[in-house]
Amino acid sequence: MSKADGTATATPVPPRAGDPEITPEVVADHGLSEDEYARVCSVMGREPTFTELGVFSAMWSEHCGYKNSKRLLRLLPTRAPWVIQGPGENAGVIDVGDGYALAFKIESHNHPSAVEPYQGSATGVGGILRDIFTMGARPVAVLDSLRFGDLDSGRVRYLFDGVVKGVGDYGNCVGIPNIGGEVVFDRGYEGNPIVNAMCLGLMKREELITAAASGVGNPLMAVGARTGRDGIHGATFASEELSEDADESSRPQVQVGDPFTEKLLLEASLELIASGAISAIQDMGAAGITSSASEMAGRGGSGVEMEMTDVPVREDGMTPYEILLSESQERMLVVAEKGREGEVHRILEKWELEAAVIGRVTDDGMFRVLENGKVVADIPALPLTDGCPTYEREGVESAEIIGLRDMDLSEHLIPEGDLSKSLLLLLGSPNVASKQWIYHQYDTTVRTSTAVRPGGDAGVVRIRGTQRAVAATTDCNGRFVYLQPKTGAMAAVAEAARNLVCVGAMPTAITNNLNFGNPLKAHIYYQLREAVLGMRDACAAFETPVTGGNVSLFNETDGKAIYPTPVIGMVGVIDDVDRITPNAFRNEGDDIVLLGENTGEIGGSEYLYVTAALVAGEPPSVDLEGEKRLQQAMLSLTHEGLVTAAHDCSQGGLACTLAEMALGDGEEPFGVEAGIDDELRPVVSLFGEAQGRIVLSCNPASTGAVLASAERYAVPARKIGTVLGADRGFTLKVRDASVSASLAEMTEAYFQAIPKIMDVSPTAES
Amino acid sequence: MSQYRLEVRVKPRPGLLDPQGKAIHHSLNSLGWDGVADVRVGKAIYIDLEAESAESAIAAAEEMCRKLLANPVTEDFAVALEQEAAAS
Amino acid sequence: MSQYRLEVRVKPRPGLLDPQGKAIHHSLNSLGWDGVADVRVGKAIYIDLEAESAESAIAAAEEMCRKLLANPVTEDFAVALEQEAAAS
Amino acid sequence: MKVAVITFPGSNCDHDLYKAAQQVGGDASFVWHRERGLDGFDVVLLPGGFSYGDYLRPGAIARMSPIMDDVMSFAKAGGPVLGICNGFQVLCEAGLLPGALVRNDALKFRSHDVRLRVERVDTLFTSDYELGQILRVPIAHGDGNYEADEETLNALEDEGRVVFRYVDRNGEAVESANPNGSWHNIAGIVNESGNVLGMMPHPERAMEELLGSTDGVGVFTSMMNSLSTAPA
Ligand SMILES: Nc1ncnc2c1ncn2[C@@H]1O[C@H](COP(=O)(O)OP(=O)(O)O)[C@@H](O)[C@H]1O
Ligand SMILES: [Mg+2]
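Residue numbers (my numbering), protein chains in the order written: chain H, 1 to 766; chain Z, 1 to 88; chain W, 1 to 88; chain D, 1 to 232.
If you're looking for bench data, these hints aren't it; they were derived computationally from the structure.
It should be emphasised that the depicted structure is a prediction, and the values quoted were computed from it without experimental measurement.
Don't be surprised by glycine CBs; every beta carbon is placed ideally from N, CA and C.
Misleading hints may appear alongside valid ones.
Listed next, the stretches of chain Z that the computed footprint assigns to chain W, with coverage defined by at least 3 CB atoms under 8 Å from CB atoms of chain W [what the hints assert, rightly or not]:
hint	region
1	12-19
2	27-39
List time: in silico DSSO-like cross-link candidates among lysine-lysine, alpha-carbon distance up to 30 Å [stated by the list, open to error]:
hint	chain 1	residue 1	chain 2	residue 2
3	W	K22	H	K756
4	H	K421	Z	K67
5	W	K22	D	K108
6	H	K486	Z	K67
7	D	K108	H	K165
8	W	K22	Z	K67
9	W	K67	D	K76
10	H	K350	W	K22
11	H	K719	H	K421
12	H	K435	W	K67
13	W	K22	H	K165
14	D	K19	W	K67
One side only, chain D facing chain Z, incomplete, derived with CB under 7 Å [said to hold, decoys possible]:
hint	residue
15	M1
16	Y52
17	G53
18	Y55
19	I61
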């Protein structure tokens with residue numbers, strides 16, 4: 001009879017020769033509190049062995065066990081008719097029509113990237129690709145969401161350069177196009193870069209496979225790269241703060257990525273799944289074999305037994321503890337159908353990959369590990385995967401942040417010098433400036449399906465053989481979340497949705513990456529809780545459920561936390577690839593129309609950061625209902641075929657948005673003449689980052705129809721200007737003030753900002 | 001001051017995966033060199049340098065390794081004056 | 001048969017482009033090492049090999065270079081038994 | 001037109017090339033690098049990607065694959081062979097084309113559209129273009145810097161074997177239009193007998209308006225047309 005219902009109990013296991021004794025210090029080193037250790041002992045019915053302690057420590061780390069976030073995550077909406085797979089699997093899956101399903105997920109590699117930017121980011125991409133193809137989907141696009149300190153630091157330039165290279169080299173080699181992402185430079189991320197990678201995969205609905213170990217007696221196989229000593233205890237490590245000496249102590253944790261093996265693994269995995277010779281497959285990601293095997297057992301309601309000496313290793317003398325916790329990359333755990341191991345071997349042999357049977361599925365509910373036939377770990381699987389204690393903590397807003405939010409900013413609203421200078425300053429700020437320096441290092445066109453490359457409001461990949469396409473974007477303004485976590489998180493979701501509707505995609509679902517500081521601190525827990533609540537409300541309003549995500553806490557250096565950064569990765573569907581809207585002007589003579597209204601906030605803006613080095617003030621408010629109508633209006637305008645270009649108004653405000661639409665990719669810029677006549681101060685009109693706004697262009701003959709259509713959705717809309725020839729330059733008037741610049745100076749500021757800083761040998765000076 | 005030619009070798013740290021070495025190893029084996037048991041790939045960097053003495057040239061190169069040439073997290077390095085044998 | 005460790009050095013041919021060397025040269029200069037006159041970047045490939053004798057190990061490695069490890073159009077190579085000095 | 005698309009471990013443009021060949025009416029099939037024999041094929045295509053991860057040198061390990069012996073014989077018998085990106089690198093490593101492709105001069109992977117000038121229209125691969133025509137085609141490579149010794153380079157120019165050159169929007173082969181440092185802005189060359197073409201840019205990614213350009217189609221229709229008019 002199966003004891004997989006949680007009634008399984010551990011048998012006594014003698015200590016393994018050579019393993020350290022378990023002392024309170026050893027327990028503490030494994031990141032378990034006294035209470036948690038007591039819980040381990042009660043689950044086990046005895047004290048754990050050293051190997052068992054290692055297993056618990058990994059599975060009950062924040063990274064795998066979501067101790068501090070699980071209760072909050074339960075608040076998020078996860079259902080919709082089009083959701084096929086919600087949170088809990090390797091990736092979420094939604095129905096995108098015509099029999100196709102889209103798997104997608106985002107994941108962080110913040111800590112590894114802080115230590116070794118190139119390998120850290122590369123292996124981050126590798127991990128997220130595996131999460132997608134283990135669902136049976138073929139990866140079709142990657143996005144990367146990055147945060148660094150200010151680029152005036154040599155160390156930051158080194159990190160930025162290395163991270164971009166790592167993201168690029170890995171995805172380029174495997175052959176998955178990058179279709180977008182974001183990057184923010186702000187001193188709030190100085191010691192703790194954020195590296196989040198998102199992947200999208202397509203499959204036919206019936207190709208979906210999940211990772212639940214089933215079929216008693218089915219063999220468990222380790223596939224792909226050999227297991228080495230790298231990254232042991234990465235999961236625990238990812239759940240701790242970095243300290244001054246982190247560089248030294250964490251060196252052995254570096255994992256080296258091998259995108260070539262990944263490509264073979266990708267092809268082999270999809271072939272294995274199609275063959276039917278396997279019943280489950282999972283990436284050996286964080287916490288390696290431990291988490292993949294125990295999670296498979298947990299989900300399948302079964303048990304597993306594994307022999308460590310059968311695991312192909314890269315180094316001699318590895319202990320079961322090391323093998324179980326190694327985070328060597330490009331490895332998979334596969335449950336083969338009994339009797340079809342030969343077929344599995346044949347497929348792997350074709351792809352020149354190694355595979356070994358390392359155990360089998362059992363029905364006793366235990367996670368059992370043997371070494372030369374002797375049991376070295378015997379743990380009830382269910383409590384291991386699901387029994388991690390979860391906490392609901394006290395959250396209190398920090399007085400310091402309240403102070404910043406309430407700061408009187410009026411003195412900063414009088415521009416120093418003229419407004420035209422401010423425009424060039426903002427266009428030349430790395431946060432607003434063109435990101436070509438990044439994505440020109442990424443293959444964006446491989447697979448010949450990229451309809452909108454990075455540089456658009458959202459990336460778009462068509463579904464070959466149909467008229468459809470999927471779109472994706474990542475967004476989060478951490479300054480807004482810092483100043484006001486709940487609205488900030490709503491703004492992140494709203495901006496993502498706006499980016500999607502601008503290209504013509506219907507927003508359908510999100511994945512998210514909660515990048516926060518140490519949740520044991522009340523003010524950080526407050527940020528986390530409020531941000532989750534904001535995300536919940538926005539996702540509910542837009543009907544974009546959460547199908548998965550990742551939590552990265554403890555992003556602190558020497559006690560200083562990053563801005564709370566809940567990165568939203570949103571996907572959408574386009575039914576007709578012939579109705580994709582670009583974000584740059586296309587035709588001279590087109591009218592320029594603004595949808596939405598400036599609500600007047602300047603708090604948290606790039607303007608304040610650039611001109612006053614300030615992150616303060618009340619960030620923009622979010623009107624979810626108004627946003628929803630704006631999205632509907634925009635989609636309707638696209639369906640009616642009225643729009644020639646559309647761009648979401650975000651960092652740098654209306655002035656920068658118009659400038660970006662005028663400059664495009666630099667190939668064929670246009671002039672602009674526009675004017676706004678709101679009652680706000682000029683700085684706020686031009687550079688305020690109020691939400692809920694989209695700038696679009698249309699043929700003058702359609703302007704009436706555009707305005708009428710917007711009115712049907714009760715969305716404020718008005719013509720604000722005209723697209724001109726490039727020789728006419730850029731002019732934007734606000735009542736009696738105005739900004740004007742030549743396209744040449746704008747081009748220089750916008751396109752050269754990042755290259756000027758980075759192409760001067762990034763490793764020079766530190 | 002005299003002119004020195006230094007040879008810097010930068011090598012992946014033991015224990016770290018060396019995908020490049022692995023691929024070459026695999027290829028050599030399939031080309032018939034069965035006796036190949038392991039391959040690791042590093043860089044050989046040749047630096048022509050003006051210095052007071054051989055010692056100070058070597059010391060400078062070591063400093064270059066620490067600052068620029070080697071990644072302290074993933075690589076070890078060794079510096080030597082170029083040997084005649086190696087110069088061929 | 002015994003086990004040998006060989007060090008193969010593959011180096012861009014004189015006169016041919018070496019973008020990496022050029023970039024490092026530039027960086028070293030801008031880091032203040034004015035005395036650096038030239039930098040060339042090649043590969044150091046370490047091969048553990050079973051062979052009858054040191055000579056045959058070297059001969060095998062040279063054959064590997066001609067067949068695979070070096071590109072005759074752009075690169076020169078040199079093979080040596082690994083020196084203690086280099087192994088550090 | 002029977003088209004073989006050779007797939008090496010790590011090739012990642014094989015499907016793109018296959019679809020491009022199909023789009024112009026070619027009858028394409030994949031040939032795995034460990035297979036032998038190319039009998040019955042009219043054209044051999046070597047795709048882009050990262051065969052063997054580009055480890056050691058791009059194309060160096062792939063050119064040791066069993067199928068490469070057959071590709072060599074096929075080429076030597078005058079059969080048309082087109083190598084794109086990594087395929088070009090493999091052709092150079094195999095000695096079917098002279099020279100080598102080394103790291104881009106800026107040491108960065110470069111991925112964006114470039115403009116190419118068609119320098120020859122009397123080849124199997126370019127007969128559908130006009131001389132001097134300017135094409136917009138994506139590149140995506142880290143090692144596309146074409147180099148060779150001076151003698152080879154002079155021979156290439158003297159014999160008119162440079163088929164594509166990187167140019168600016170006005171069609172000038174200026175330095176700022178050169179994405180990788182290639183000598184004389186070389187983007188593609190043919191062998192002496194004109195039946196083997198290697199190029200770094202990706203014409204197979206410029207086959208549809210939706211993807212930004214249809215300028216690559218000519219490479220494939222040229223092959224199609226040349227072959228159907230060639231005496232059997
Ligand atoms: N790290 C990155 N990787 C890929 N593309 C990026 C990255 N950062 C920015 N981009 C792209 O550059 C463009 C501008 O970025 P951003 O300014 O964040 O967008 P927005 O216009 O929505 O404010 C977008 O198309 C985005 O996808
Ligand atoms: Mg922007």
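Structure-based check of all given hints:
no. : hint              : in the structure
1   : 12-19             : violated (count 0)
2   : 27-39             : holds (count 9)
3   : W/K22 <-> H/K756  : holds, 19 Å
4   : H/K421 <-> Z/K67  : violated, 38 Å
5   : W/K22 <-> D/K108  : holds, 14 Å
6   : H/K486 <-> Z/K67  : violated, 44 Å
7   : D/K108 <-> H/K165 : holds, 8 Å
8   : W/K22 <-> Z/K67   : holds, 17 Å
9   : W/K67 <-> D/K76   : holds, 21 Å
10  : H/K350 <-> W/K22  : violated, 41 Å
11  : H/K719 <-> H/K421 : holds, 26 Å
12  : H/K435 <-> W/K67  : violated, 42 Å
13  : W/K22 <-> H/K165  : holds, 19 Å
14  : D/K19 <-> W/K67   : violated, 34 Å
15  : M1                : violated, 33 Å
16  : Y52               : holds, 5 Å
17  : G53               : holds, 6 Å
18  : Y55               : holds, 4 Å
19  : I61               : holds, 5 Å
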